[in-house]
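Chains V, W and S supply the protein sequences, listed in that same order. Counting from 1, one number per residue, gives the positions in the first sequence under my numbering. Counting from 1, one number per residue, gives the positions in the second sequence under my numbering. Counting from 1, one number per residue, gives the positions in the third sequence under my numbering.
Keep in mind that the hints are not guaranteed to be accurate.
Simulated pairs of lysine-lysine, DSBU-like, Cα-Cα distance not exceeding 35 Å [stated by the list, open to error]:
{"hint": "1", "chain 1": "S", "residue 1": "316", "chain 2": "V", "residue 2": "269"}
{"hint": "2", "chain 1": "S", "residue 1": "287", "chain 2": "V", "residue 2": "17"}
{"hint": "3", "chain 1": "S", "residue 1": "316", "chain 2": "S", "residue 2": "159"}
{"hint": "4", "chain 1": "V", "residue 1": "227", "chain 2": "W", "residue 2": "73"}
{"hint": "5", "chain 1": "S", "residue 1": "159", "chain 2": "V", "residue 2": "269"}
{"hint": "6", "chain 1": "S", "residue 1": "316", "chain 2": "S", "residue 2": "287"}
{"hint": "7", "chain 1": "V", "residue 1": "17", "chain 2": "V", "residue 2": "269"}
{"hint": "8", "chain 1": "V", "residue 1": "17", "chain 2": "S", "residue 2": "159"}
{"hint": "9", "chain 1": "V", "residue 1": "17", "chain 2": "W", "residue 2": "52"}
{"hint": "10", "chain 1": "V", "residue 1": "12", "chain 2": "W", "residue 2": "32"}
{"hint": "11", "chain 1": "W", "residue 1": "79", "chain 2": "V", "residue 2": "17"}
What follows is a list of derived Cβ distance ranges for each label pair [to be verified]:
{"hint": "12", "chain 1": "S", "residue 1": "237", "chain 2": "V", "residue 2": "93", "range": "54 to 60 Å"}
{"hint": "13", "chain 1": "S", "residue 1": "189", "chain 2": "V", "residue 2": "13", "range": "48 to 54 Å"}
{"hint": "14", "chain 1": "V", "residue 1": "472", "chain 2": "S", "residue 2": "340", "range": "38 to 44 Å"}
In short, the hints are calculated from the structure, not lab data. Idealized CB from N, CA, C, for every residue including glycine.
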Amino acid sequence: MEQVVQTRGLYKTFPRKGGAAQTATHYCPGCEHGVLHKLIGEALADLDLQDRTIVISPVGCGVFAYYYFDTGNVQVAHGRAAAVGTGISRTQNNAVVVSYQGDGDLASIGLNETLQAANRGEKIAVFFVNNTVYGMTGGQMAPTTLVGSKTITSPEGRDPVQAGYPLHMAELINQLRAPVYIARVSFSNMGKLRRARQAIRKALEIQRDGKGYAFVEVLMACPTNQKMNVEEATRFVAEQMEVEYPLGVLRDRAAEAVPIVRSESDYAKETLDRIFSLDTDRAPDAQLTPDAPTFRVKMAGFGGQGVLSMGIILARTACQAGKFVSWYPSYGPEQRGGTANCGVVMSGTPVGTPLVTASDILVAMNRPSLEKFLRDVKPGGLLLYDAAMGEVTPPAGVRALAVPATRLAQEGGSARAANTAMVGVLAALGGFDLPERAYREAITCNFAGKDAVVQANLAVFDHARAWALEQELP
Amino acid sequence: MNQLPPDVPAPYPVIDPLECKSCGRCVMVCPKKVLELGDELNARGYAFTRYKGAGCIGCLNCFYACPEPNAIKVHLPAKET
Amino acid sequence: MATQLIKGNTAVVVGALYAGCDSFFGYPITPASEILHEAAKRFPQAGRRMVQAESEEAAINMVYGAATTGRRAMTASSGPGISLKSEGISYLSGAQLPAVVVDIMRAGPGLGNIGPEQGDYNQVVKGGGHGNYRCLVLAPANVQEMCDLTIRAFELAHKWRMVAFVLADGVLGQMIEPLRFPETSTTPVTDVNWAVDGTAETRLNVVTSIFLDFDQQEAFNRLLQDKYAQVEAAEQDSEAYRLEDAEIALVAYGISARIAQGAVDAARAEGLRVGLFRPITLYPFPKDALREFVAPGGRQLVCVEMSNGQLRDDVKLAIDCACPVHLVNRMGGNLVTEEDILARSRELARSAGGRE
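Sequences and hints are given; from them, build the entire structure.
Next comes the structure, spelled out in structure tokens:
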């Protein structure tokens, strides 16, 4: 049987291209993009990968790769192909992702995406066209432009003092542990072209087997922008580019690499309910009780005094008791040192602003907090402050109680639970009318999974509440 | 040039004159120098490559070096066993 | 039904998982980071994918990749990150890919601070990226809506093949409230008419935003505008509070609306006819309902916002300046107070003779 060797893996005609010549590429005469397209297409066809493959068209001369590849196709923003490829590969475990990028796209604007995807070992075959110039935009200097080379934006030749040195992408990526295969190839003679063909197949075999990241850098010239005929272009690649960018396989771990398998999504409601522990961690729905009083409680202290979790325990108690409730913290750097505060609002009706400006109760665990928030306590309001800060004279109309929170916590059996001691005092004196069961559920829930801690905190809570019930408020 | 006996089927390239962009890569890589750029222009304005009509050894260099997907096919005769 | 006390940012992740979101791609930024934290913990537990991206640009482009395959995908950030994502959002819109983006607004411009603000309104509602595109924008006002509107965002994004934003602020992200968990979960179906998912069925599809031909690009733009007109007809949503007999309507979304609601009650207690109009969708803006309110004449609007009148501008457009539109606002991380709103309401009522 006679065999006819012809292009495979690419469409026979290119209707997406539009215009008159829908059987020809949009590439300039002599440009080797078409050679690379043919080699990739041939390998995809030979490996029977076309159904599984998604080719990513970049921004650059390869922007219209989707005119040609007889595969799934997606066109993306300049430099972002590796990130898009990550998104595809992570959601479609079986997809073969091919990223086709030029030097401006991959090595300049997309350098971060390129290196990070390589470093994660994403399942992507990257074909990187290094032709030392921005082709599509008209011949500007690329990160790969050779020293001394003249371009529109390096009219006197690339000066490394101004513009740095050519970026060696294959070598850069070879610094990373995850990539499976890294090669640099050219088409500057037929032997090199056939080695390039093998490298391209290897990169795609690795994708077929789901083994991870493969990077093939392909050296080319740009006959149009460099104003060369094909012989000059070929000599430029062989005599100048290959000196700067040596050819070869820099890494091949294809044999040892094991397939990477991504998880399958589980959409079952039962799974989600279990993940969020809805069987054990659940509160009743809030009950509308418009006559119930609204409490706005401010809690403040040093970061690390457990002020925020004190507020959460109180909010959780209210929640367990069917109240409408909100908790809102100071957030950000403040919580990593400095002061921390939070506001808890509990009500018989939906909570409006969660911010506590005018407060019914202030719990101050240190003096700066006291000084900051005391003036906001409403007349008739309550101040609970840590006895450690000494005597405090409250404003007229504000009832105040010094609480030896640390001592109560120690006596209760857990020196670290001064915040829980304050909750015990609040339970006794806050006037919330919340059932004791709700406090116990809140504490249990707050320290869920740590039984000893739960027990210790419950003991501190009981002890502090008992202490508070014996106190007399002015 | 090794002349094949005339009765043995020989490989040969088929160049679609319309698809050739006249870059000359195939001419450059042909080991037997049996391809040439002609004077005639195709409908797109390119002086397309022609096969001289004999001497192809089926090395496929021209096929792989050609950047245009639809410009060159190479016919290879059935292998003798 | 199960209720849990949950942080607003966590509620977003709850909504996403029950909505069938397959993948989360994010980058840390206060005050949105807990969404990333919670996604890192919860998504893998349900076999879903989570990647901490190298940058906001990478995160939105990972979303672009996941969305290309027809799966439900999302990212979350705050203003500075949304600025960086704007390129990707324009590309998603140009390629008509569905995706959900959550913006937990903080104070700007520039690095600003991490306090709550609503200054990203124009960026998100008008489109921060290039080109003639719009995004659906949903504005939750409590933790329950942080979950519920995230679910709706996925439904709308895939219904219309658009980017859907959940636009919240630092307060809503950071606060804790009871959340009633969703009663159903969604198993999404890939739309093979346009998705490219690496199967024979979708091999002929292409996802792109390029039309080289000017007329084709214009035709595509017209097609987008037609779609947006349909969205505007179908998806407006708002909530009215004590608006029936109001002469002054506060107009506010998100946390500002909650504060305004408190001010309405306080104003009513003084006999002032004040109500609240709360847009739940910011795009499409609920202009039909707002026009209905101002139609009888003699009414005034007060925009309550944590930004420089960005909402007010849209309100004026929505009602075609049919009545006075006032502004009570704070910026820089400060919240508007009930007292400020009340004072302005009294002032306006007095000058209009608007007492009951």
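Status of the hints after comparison with the structure:
1. The suggested pairing of residue 316 of chain S with residue 269 of chain V is violated, with an alpha-carbon distance near 44 Å, which exceeds 35 Å.
2. In summary, the hint linking residue 287 of chain S to residue 17 of chain V is not supported, as the alpha carbons are separated by about 42 Å, beyond the 35 Å threshold.
3. Among the hinted pairs, residue 316 of chain S with residue 159 of chain S is consistent with the structure: their alpha-carbon atoms are about 29 Å apart, no more than 35 Å.
4. About 29 Å separates the Cα atoms of residue 227 of chain V and residue 73 of chain W, which keeps this hinted pair within 35 Å; it holds.
5. A threshold of 35 Å between alpha carbons decides the hint, and for residue 159 of chain S with residue 269 of chain V the separation of about 22 Å falls inside it, so the pair holds.
6. Annotation: proposed proximity of residue 316 of chain S to residue 287 of chain S holds, straight-line Cα distance about 10 Å (limit 35 Å).
7. Between residue 17 of chain V and residue 269 of chain V the alpha-carbon distance is near 46 Å, which puts this suggested pair outside the 35 Å criterion.
8. For a cut-off of 35 Å, the pair hint linking residue 17 of chain V to residue 159 of chain S stands: about 30 Å separates their Cα positions.
9. The suggested pairing of residue 17 of chain V with residue 52 of chain W holds, with an alpha-carbon distance near 33 Å, which does not exceed 35 Å.
10. Among the hinted pairs, residue 12 of chain V with residue 32 of chain W is consistent with the structure: their alpha-carbon atoms are about 29 Å apart, no more than 35 Å.
11. Restraint check for residue 79 of chain W and residue 17 of chain V: the C-alpha separation of about 39 Å exceeds 35 Å, so the hint is violated.
12. In this structure the hint that residue 237 of chain S and residue 93 of chain V lie 54 to 60 Å apart at CB is violated, the actual value being about 37 Å.
13. Distance hint check for residue 189 of chain S and residue 13 of chain V: the Cβ-Cβ separation is about 33 Å, which falls outside the suggested range of 48 to 54 Å.
14. A hinted range of 38 to 44 Å for the beta carbons of residue 472 of chain V and residue 340 of chain S is consistent with their spacing of about 40 Å.
Checked against the numbered hints given earlier, the structure breaks hints 1, 2, 7, 11, 12 and 13 and satisfies all the rest.
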